[in-house]
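2 protein chains.
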Amino acid sequence: MMCFVYLNLKLPHKTALVISKASSTRFICAIVLLFVEHLRGFDDVFVFPKHKHNGGPYSDFVSLHPMLKTSEERTSAVGYVVERLGEEQIPGIRSELYPVTSSFGAPIFFSLERAAAPYFGIKVYGVQMNGYVELNEQKHLWIGKRSDQKTTYPGMLDELVAGGLPHGIDCQQNLAKECEEEAGIPTSISINAIPVGAVSYNDIDEYRYKRDVLFCYDLKLPKDFIPKNEDGEVDSFKLIPVTEVAEVICKTEFFKPNCALVIIDFLFRHGRLSQSIQDGFGISRLCECVLLETIYCNYTVDKVKYITPEYHGYLDLLRSLRIGDCS
Amino acid sequence: MMCFVYLNLKLPHKTALVISKASSTRFICAIVLLFVEHLRGFDDVFVFPKHKHNGGPYSDFVSLHPMLKTSEERTSAVGYVVERLGEEQIPGIRSELYPVTSSFGAPIFFSLERAAAPYFGIKVYGVQMNGYVELNEQKHLWIGKRSDQKTTYPGMLDELVAGGLPHGIDCQQNLAKECEEEAGIPTSISINAIPVGAVSYNDIDEYRYKRDVLFCYDLKLPKDFIPKNEDGEVDSFKLIPVTEVAEVICKTEFFKPNCALVIIDFLFRHGRLSQSIQDGFGISRLCECVLLETIYCNYTVDKVKYITPEYHGYLDLLRSLRIGDCS
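Residue numbers (full-length UniProt numbering), protein chains in the order written: chain A, 1 to 327; chain B, 1 to 327.
There's no promise every hint is true.
No distinction is drawn between identical chains; accordingly, a pair holds when it is met within one copy or between any pair of copies.
Said to hold, decoys possible - List of simulated lysine-lysine pairs, BS3-like, C-alpha gap at most 30 Å:
| id | residue 1 | residue 2 |
| --- | --- | --- |
| 1 | Lys251 | Lys177 |
| 2 | Lys220 | Lys238 |
| 3 | Lys139 | Lys177 |
| 4 | Lys220 | Lys139 |
| 5 | Lys177 | Lys69 |
| 6 | Lys256 | Lys177 |
| 7 | Lys50 | Lys228 |
| 8 | Lys256 | Lys50 |
| 9 | Lys50 | Lys145 |
| 10 | Lys139 | Lys223 |
| 11 | Lys50 | Lys251 |
| 12 | Lys150 | Lys50 |
| 13 | Lys150 | Lys251 |
| 14 | Lys50 | Lys177 |
| 15 | Lys50 | Lys139 |
| 16 | Lys139 | Lys69 |
| 17 | Lys69 | Lys256 |
These are computed hints drawn from the structure, not numbers from a lab. Note that this is a predicted model, so its numbers are computed, not measured.
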């Protein structure tokens, strides 16, 4: 039987998650306890444990009703719950479905409304692209400012192109689509994007548990290319020297948090030896940022540059960047 | 007290190593049981457990003699043992010292003859550089063929530039030095090398336990540059299309094993979307190669290209590439 494992909030989040994973139940969703309460009463969809809580690590779970035998039945039943909970509990409903799986490419148990993903703590996959230009031998990143109308992270700074991976479309197709819609990049240019790996992070707040895996891309753009948003989700774009972007990440909270990860990954792969410096880089702070479940950066540093092995803490930062569950 | 933890060969290698790491002893060296026998008799240098083996996970260790209080004393005492064991037990002695630490940049406990490093199972750090050229929009890698006179991996294929990190020199300086000596690349060109992360692997054979962390670099070379070996360690160089290099790695055992890791890392970061293909890539085999302690590749594949998220097993391979202990 497929299980929704939820978290015992008496334990620290991370500890609870590890226990859930180590259990023999199939770990698909991680629901924060406060949100689980909203699921009580939907007895045809969710089954709560009947026995009294015995404190054991495997007793805290909610499962889908065993009568829901097919993927379609589960999609429809959970969709009904999401609809009933409505905008008050799950704001920003988009009528866009995400596949629910235990890992990338694994069989799909059901599909779930995109806005509901963090409430049900499913793994979500997305693409993020660093779009850069080389001017006077210095790399510059095109940075977007999210529309103030967006439900999530309104007005914050963002990658040039980023998007969740919906059901039935692969990373490459999705990237081309998002390039077109978000930045007006035609396929003739986006075809030059290079996949460079993936990063993963968890982020828990009161009601939501984000478990994201981001496929990262780099795209070197023509010098005269000017991005143009075509879906209304981006207010404006600005071309900023990479070192300045790194400084903004370290000193402010202007960036959408998960962008920090993808840009730090970029800083690891683009610094020429001639551009490394020995002092003042806030690498220990970056390291802390990556390790935190909620990523934030506000450390004051004097100089920020690319990340090279000469910095004390290089391997620590690299490890923490890779520590997420990329599966 | 600093301990040399050696492996109980009754357990599978990996299991034994994990037990050692989880112990409260400071894990510095991992010595294969067969080699430990050579250290008996040097009672002023190594202390063997006196109590009868009780089967517990922490009882199988050899420690340095507590009278050896300073780094210099330990260097000298272990150096004496290495000298006494001589070429028969430790072939290829170079009179070049490696620092012995628990992690990169941590305090140095002592220094050890380079050739002895795998026998004492210390962590060893090195630099490896993919030198490439772009011809007709296709990347080509400069590949070296090791001299038949080399003690280790004679005659095998190798990166353009690679070298261990000796005591007292940082990665950047070491890379510039190796570029000059191994491939005749002047500093004016090698300064453009880009650090792109690190990979790590373990490799156990009968007497040796390699625990290597490799700092990886990419260098885009001028089209007309021809490498020229200046230290006699390389027989010849050849410029080979990247996809052909990948095929050689998959189908043969011509490459020095750890090069496979560094080249797979390169394949993860250099494939344009336009160059991805959907079929025939031996990714599952590559995955297996990376996971194996002794890396080898001999799977027959039809087509080999860059590694992109469209391949089934992409995240598995990425994870296994990153699974090593980069510390």
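Against the structure, the hints:
no.	hint	result
1	Lys251 <-> Lys177	neither (33 Å within a copy, 36 Å between copies)
2	Lys220 <-> Lys238	both (15 Å within a copy, 28 Å between copies)
3	Lys139 <-> Lys177	both (25 Å within a copy, 27 Å between copies)
4	Lys220 <-> Lys139	both (9 Å within a copy, 16 Å between copies)
5	Lys177 <-> Lys69	neither (34 Å within a copy, 64 Å between copies)
6	Lys256 <-> Lys177	within (21 Å within a copy, 41 Å between copies)
7	Lys50 <-> Lys228	neither (55 Å within a copy, 74 Å between copies)
8	Lys256 <-> Lys50	neither (41 Å within a copy, 59 Å between copies)
9	Lys50 <-> Lys145	neither (49 Å within a copy, 68 Å between copies)
10	Lys139 <-> Lys223	both (11 Å within a copy, 22 Å between copies)
11	Lys50 <-> Lys251	neither (50 Å within a copy, 56 Å between copies)
12	Lys150 <-> Lys50	neither (41 Å within a copy, 69 Å between copies)
13	Lys150 <-> Lys251	within (24 Å within a copy, 50 Å between copies)
14	Lys50 <-> Lys177	neither (47 Å within a copy, 69 Å between copies)
15	Lys50 <-> Lys139	neither (59 Å within a copy, 61 Å between copies)
16	Lys139 <-> Lys69	neither (53 Å within a copy, 50 Å between copies)
17	Lys69 <-> Lys256	neither (39 Å within a copy, 51 Å between copies)
In this structure, the hints that do not hold are numbers 1, 5, 7, 8, 9, 11, 12, 14, 15, 16, 17, in rising order.
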